[in-house]
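S.K.: Respectively, the protein sequence lines represent chains B and D.
So for the first sequence, the UniProt record's numbering puts the first residue at 1; every next one is plus one.
So for the second sequence, the UniProt record's numbering puts the first residue at 1; every next one is plus one.
Possibly wrong hints are sitting among the right ones.
Covered by chain B, according to a simulated footprint, are these stretches of chain D (three or more residues, beta-carbon under 8 Å) [unchecked claim]:
| # | stretch |
| --- | --- |
| 1 | 42-56 |
| 2 | 143-152 |
| 3 | 163-172 |
| 4 | 204-217 |
| 5 | 251-265 |
Hints in this document: simulated from the structure, not taken from any laboratory.
Even for Gly, the Cβ is constructed at its ideal location relative to N, Cα and C.
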Amino acid sequence: MPGYVRTGNSQPPWLFPFVVITVLILSVLPLARLAMVGIAAFANGGIIDVLSAPSLWSATYYTIVTSVVGTMISLVIGCLFAFLLTLTDIRGKGLLSFFFVLPMMIPPQVTALAWVQMSGPSSPLLKALAIAPPLGSPQPLYSVGGIALLYGVQHAPLVYLALRAGLMTLPRDGVEAARLSGASSFRVFSDIILPLSLPGIIAGAAISFVSCTGNFGIPAILGIPASIFTLPTLVFTKFSAFTSRTFGDVAVLSAIIAMISVAGLMIQDRALRGRDYRVIGLSGASAAVELGAWRFLFTPILWAILSFMLAAPFFALVAGALVPAYGVPLTFKTMSLHAFEEILFRQAVTRTAFVNSISLAGATAVCLLVVTVLAAYMLTRRKDAASRIIASLIEIPYSLPGIVMAVAFILLFAAPIPFLHISLYGTIWIILIAYFSWFFAVSLKPVVSAFHQLDPALEEAARLSGAGFFRRLSDIIVPLIAPAAGASVILVFLIACNELTISALLWSAGTQTLGVAIYNLDDSGSSDLASALSVLVVLMVVIMMLLLELLAKHLPKGVVPWRN
Amino acid sequence: MKTIVSAAALLAASLLAIPASAANLVLYTSQPNEDAQATVDGFMAVNPDIKVDWVRDGTPKIIAKLQAEIQAGNPVADLLLIADMVTLERLKQEGKLLAYKSPEAAQYDATLYDADGYYYSTKLITTGIMYNTSAGMKPASWKDLTRPEAKGLVTMPSPLASGAALIDAQTLAAVPGLGWDFYKSLAENGAIAAGGNGAVLKSVASGERAYGMVVDYLPIREKAKGAPVEFVFPSEGVSAVTEPVGILASTRNAEAAKKFVDYVLSERGQEGFLKLGYIPARNGMKVPDGFPARETIRVLPVNAAEALKNTDQDLKTFSGIYGSN
Numbered sequence: 001m002p003g004y005v006r007t008g009n010s011q012p013p014w015l016f017p018f019v020v021i022t023v024l025i026l027s028v029l030p031l032a033r034l035a036m037v038g039i040a041a042f043a044n045g046g047i048i049d050v051l052s053a054p055s056l057w058s059a060t061y062y063t064i065v066t067s068v069v070g071t072m073i074s075l076v077i078g079c080l081f082a083f084l085l086t087l088t089d090i091r092g093k094g095l096l097s098f099f100f101v102l103p104m105m106i107p108p109q110v111t112a113l114a115w116v117q118m119s120g121p122s123s124p125l126l127k128a129l130a131i132a133p134p135l136g137s138p139q140p141l142y143s144v145g146g147i148a149l150l151y152g153v154q155h156a157p158l159v160y161l162a163l164r165a166g167l168m169t170l171p172r173d174g175v176e177a178a179r180l181s182g183a184s185s186f187r188v189f190s191d192i193i194l195p196l197s198l199p200g201i202i203a204g205a206a207i208s209f210v211s212c213t214g215n216f217g218i219p220a221i222l223g224i225p226a227s228i229f230t231l232p233t234l235v236f237t238k239f240s241a242f243t244s245r246t247f248g249d250v251a252v253l254s255a256i257i258a259m260i261s262v263a264g265l266m267i268q269d270r271a272l273r274g275r276d277y278r279v280i281g282l283s284g285a286s287a288a289v290e291l292g293a294w295r296f297l298f299t300p301i302l303w304a305i306l307s308f309m310l311a312a313p314f315f316a317l318v319a320g321a322l323v324p325a326y327g328v329p330l331t332f333k334t335m336s337l338h339a340f341e342e343i344l345f346r347q348a349v350t351r352t353a354f355v356n357s358i359s360l361a362g363a364t365a366v367c368l369l370v371v372t373v374l375a376a377y378m379l380t381r382r383k384d385a386a387s388r389i390i391a392s393l394i395e396i397p398y399s400l401p402g403i404v405m406a407v408a409f410i411l412l413f414a415a416p417i418p419f420l421h422i423s424l425y426g427t428i429w430i431i432l433i434a435y436f437s438w439f440f441a442v443s444l445k446p447v448v449s450a451f452h453q454l455d456p457a458l459e460e461a462a463r464l465s466g467a468g469f470f471r472r473l474s475d476i477i478v479p480l481i482a483p484a485a486g487a488s489v490i491l492v493f494l495i496a497c498n499e500l501t502i503s504a505l506l507w508s509a510g511t512q513t514l515g516v517a518i519y520n521l522d523d524s525g526s527s528d529l530a531s532a533l534s535v536l537v538v539l540m541v542v543i544m545m546l547l548l549e550l551l552a553k554h555l556p557k558g559v560v561p562w563r564n
Numbered sequence: 001m002k003t004i005v006s007a008a009a010l011l012a013a014s015l016l017a018i019p020a021s022a023a024n025l026v027l028y029t030s031q032p033n034e035d036a037q038a039t040v041d042g043f044m045a046v047n048p049d050i051k052v053d054w055v056r057d058g059t060p061k062i063i064a065k066l067q068a069e070i071q072a073g074n075p076v077a078d079l080l081l082i083a084d085m086v087t088l089e090r091l092k093q094e095g096k097l098l099a100y101k102s103p104e105a106a107q108y109d110a111t112l113y114d115a116d117g118y119y120y121s122t123k124l125i126t127t128g129i130m131y132n133t134s135a136g137m138k139p140a141s142w143k144d145l146t147r148p149e150a151k152g153l154v155t156m157p158s159p160l161a162s163g164a165a166l167i168d169a170q171t172l173a174a175v176p177g178l179g180w181d182f183y184k185s186l187a188e189n190g191a192i193a194a195g196g197n198g199a200v201l202k203s204v205a206s207g208e209r210a211y212g213m214v215v216d217y218l219p220i221r222e223k224a225k226g227a228p229v230e231f232v233f234p235s236e237g238v239s240a241v242t243e244p245v246g247i248l249a250s251t252r253n254a255e256a257a258k259k260f261v262d263y264v265l266s267e268r269g270q271e272g273f274l275k276l277g278y279i280p281a282r283n284g285m286k287v288p289d290g291f292p293a294r295e296t297i298r299v300l301p302v303n304a305a306e307a308l309k310n311t312d313q314d315l316k317t318f319s320g321i322y323g324s325n
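Turn these sequences into a full structure, and let the hints guide you.
M.R.: Printed below as a string of structure tokens:
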């Protein structure tokens with residue numbers, strides 16, 4: 001039917017400029033400013049100092065090594081869970097899936113803290129069990145291997161979700177045809193399922209790699225004590241030793257991080273090019289493989305992995321919050337609720353952090369939704385080059401590590417805004433704008449796909465009957481895309497609530513987020529308080545996920561990521 | 001239309017939910033969180049009409065944040081309560097501080113505050129050696145840390161993350177018989193330098209390392225809570241910082257800031273520090289439980305002007321030895 005409606009004629013004249021200006025402010029300006037400072041550093045010759053510093057190259061090396069190894073670990077774990085939970089008749093899928101996605105929702109520095117509490121001579125848990133390593137044993141996680149392992153745990157759900165989306169659309173008739181011809185489960189898996197799931201695996205690997213290169217919480221807690229710096233933590237420490245050259249230096253460093261991320265995405269693009277994965281036939285290959293007796297092998301394996309990934313670190317975190325002082329073994333006698341008391345009733349920063357994180361996440365999710373509905377309308381109605389360019393400009397910030405965007409926004413708003421003479425640096429507004437920029441793509445995606453499924457005839461009929469733009473929006477479009485809009489709000493809220501990388505550079509007095517508060521408590525040596533606050537954050541995440549689970553019945557398919 | 005209106009209302013509500021900083025005073029401090037909160041609570045108990053917001057981070061990080069904010073034209077802090085006088089002396093020379101003659105200064109040794117009133121010491125924090133009680137050797141002097149028994153078991157804070165650590169390095173580097181060679185032989189003995197004093201405490205108390213160079217109050221306080229640690233004042237003497245307080249010239253509430261300075265210097269404010277386990281700077285105060293008498297602690301001299309001049313070079317020397325950033 002496309003063609004009989006002249007594209008673009010039903011849009012109000014202000015819509016296109018509005019979207020263009022928004023994208024200019026949120027994507028183009030900050031990145032252009034970052035590029036300018038980087039080029040200026042080049043021109044001033046300062047670049048030679050930056051590039052000749054051994055710290056830069058060791059950080060680049062550590063970033064790549066930890067990200068590659070971390071991605072491999074997340075591939076192994078993520079693929080195992082995706083195949084078993086999507087294609088087999090294993091029991092307890094819903095529960096397993098819920099728990100497996102949990103690490104992704106937990107802030108990375110909480111994951112790191114929990115694992116530190118679980119291992120090494122410091123572990124209150126191991127001390128309580130009297131199996132702690134002897135004095136002078138190094139904490140094994142303060143190492144390249146430790147960082148990579150936790151990258152793997154943190155990002156395995158990303159691989160799982162990417163692969164699962166592909167597995168859900170596997171052709172059922174292909175599998176059935178093979179079955180009828182007498183193929184074994186193994187043959188079906190290796191000849192049909194595995195080749196067809198490659199795009200999902202490659203996409204998962206790319207997302208995981210890019211998330212690893214941009215991760216800040218894990219290398220900050222595990223790397224800095226052992227003097228292992230990745231590029232994001234190097235940017236952070238450069239800011240911690242602020243000099244007149246800092247802005248130029250971090251611009252160059254950010255450019256290098258951005259290049260590594262883009263290289264990862266290009267490899268993915270390259271790997272997928274030239275192959276045709278289109279399949280015909282009915283999708284939905286549920287229980288394509290019957291496990292039979294193997295079920296008794298795989299079910300305990302999955303639960304064992306989950307308890308090692310989640311339960312053990314969580315109990316270690318709780319134990320770390322309950323000990324009265326460092327190095328004291330946890331017993332019923334020594335147990336103390338002091339840390340929880342201090343965090344909940346005395347520390348002003350806890351309340352500030354909860355209020356800031358929740359209101360920042362709420363404002364980001366809701367405000368972005370208004371913008372994304374308008375942008376998605378424009379993007380799907382105008383199918384010209386301009387809208388394609390705008391669509392990819394919106395994508396760029398989220399595909400870059402958060403620390404790069406944070407630096408870009410510092411550079412953009414370090415000086416007061418011209419003409420208005422308002423200073424955003426050091427206020428909560430700079431964090432909010434950086435969040436808008438970074439989460440724009442996350443918010444847009446579900447809304448755009450909902451718009452693609454809309455029948456233009458409905459709106460056209462309303463237009464012919466004389467309904468104005470806002471009338472059509474409120475009576476036809478918004479009700480039809482409401483489920484997708486809900487998904488967009490929930491997704492952005494959950495991710496923004498646990499954000500650390502951007503706020504670690506942008507926070508100031510009174511604008512601490514939860515991520516910053518936890519990192520700072522641990523950094524000052526109060527790891528009992530950090531653990532107590534982390535326990536509260538984990539509980540908050542689980543409660544929010546449970547609420548979603550309760551709402552899931554009323555939400556469209558695919559909104560709640562861990563459900564079938 | 002109704003949906004749009006309610007969406008707009010929701011938007012306005014969520015924007016309003018973002019708190020504007022309502023504090024009358026903003027304090028940047030390097031005290032650990034619990035102490036910072038206790039200090040601020042103590043002040044607000046005396047001055048209930050003044051609300052204080054505080055930010056805690058290591059001294060170099062706090063100063064970096066402040067410098068970045070000053071460069072951006074929007075310094076947030078009104079007050080500083082940070083590790084050492086050298087840093088505040090630098091800010092004074094750059095014209096970033098406000099002079100205020102506190103009446104409480106009469107109770108303080110003249111070496112402990114700036115004669116023009118730009119900053120005042122609030123306590124005495126020495127850096128010595130802590131060890132895990134299950135360690136084989138009981139160190140008595142700085143040099144013991146370079147012995148083979150301590151190989152691979154020593155940790156210290158990095159001067160890049162801690163103001164006290166910087167002063168400690170500058171003090172020990174000036175002691176005949178120690179000097180930078182002492183730091184070199186420590187590094188050869190497998191010592192590491194990373195993070196702040198909190199990291200050292202954690203590492204030694206938990207047994208990842210057996211010995212640490214650290215500020216006094218952390219291990220003494222943790223020991224009282226039952227942690228398996230001891231603190232020693234090494235025989236050569238200890239370095240000390242005095243955690244001075246100063247008002248920024250850009251403060252938007254100078255009157256309240258002056259009240260804060262008076263409070264931390266007052267007997268009541270000093271009592272608060274004493275209760276937290278710090279040696280108060282004010283004359284005639286007791287020392288906290290677990291400390292030896294004040295006159296028995298041998299504090300090594302440091303020349304603040306010299307230290308300030310050499311800071312960049314000293315940081316480079318240190319980073320060169322420990323390969324940190």
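S.K.: Counting residues of the stretch 143-152 of chain D that have a beta-carbon nearer than 8 Å to any beta-carbon of chain B, does the count reach 3?
M.R.: Check failed, 1 qualifying residues.
S.K.: Holds or violated: the stretch 163-172 of chain D covered by chain B, criterion of 3 or more residues with Cβ-Cβ distance under 8 Å?
M.R.: Violated: only 0 residues of the stretch 163-172 of chain D have a Cβ under 8 Å from chain B.
S.K.: Against chain B, does the stretch 42-56 of chain D show at least 3 residues with beta-carbon separation below 8 Å?
M.R.: holds (count 4)
S.K.: Within the stretch 251-265 of chain D, is the number of residues with a Cβ closer than 8 Å to a Cβ of chain B three or more?
M.R.: violated (count 0)
S.K.: Taking beta carbons only, do three or more residues of the stretch 204-217 of chain D come closer than 8 Å to chain B?
M.R.: holds (count 6)
In terms of the numbered hints stated before, the structure departs from hints 2, 3 and 5, listed from lowest to highest.
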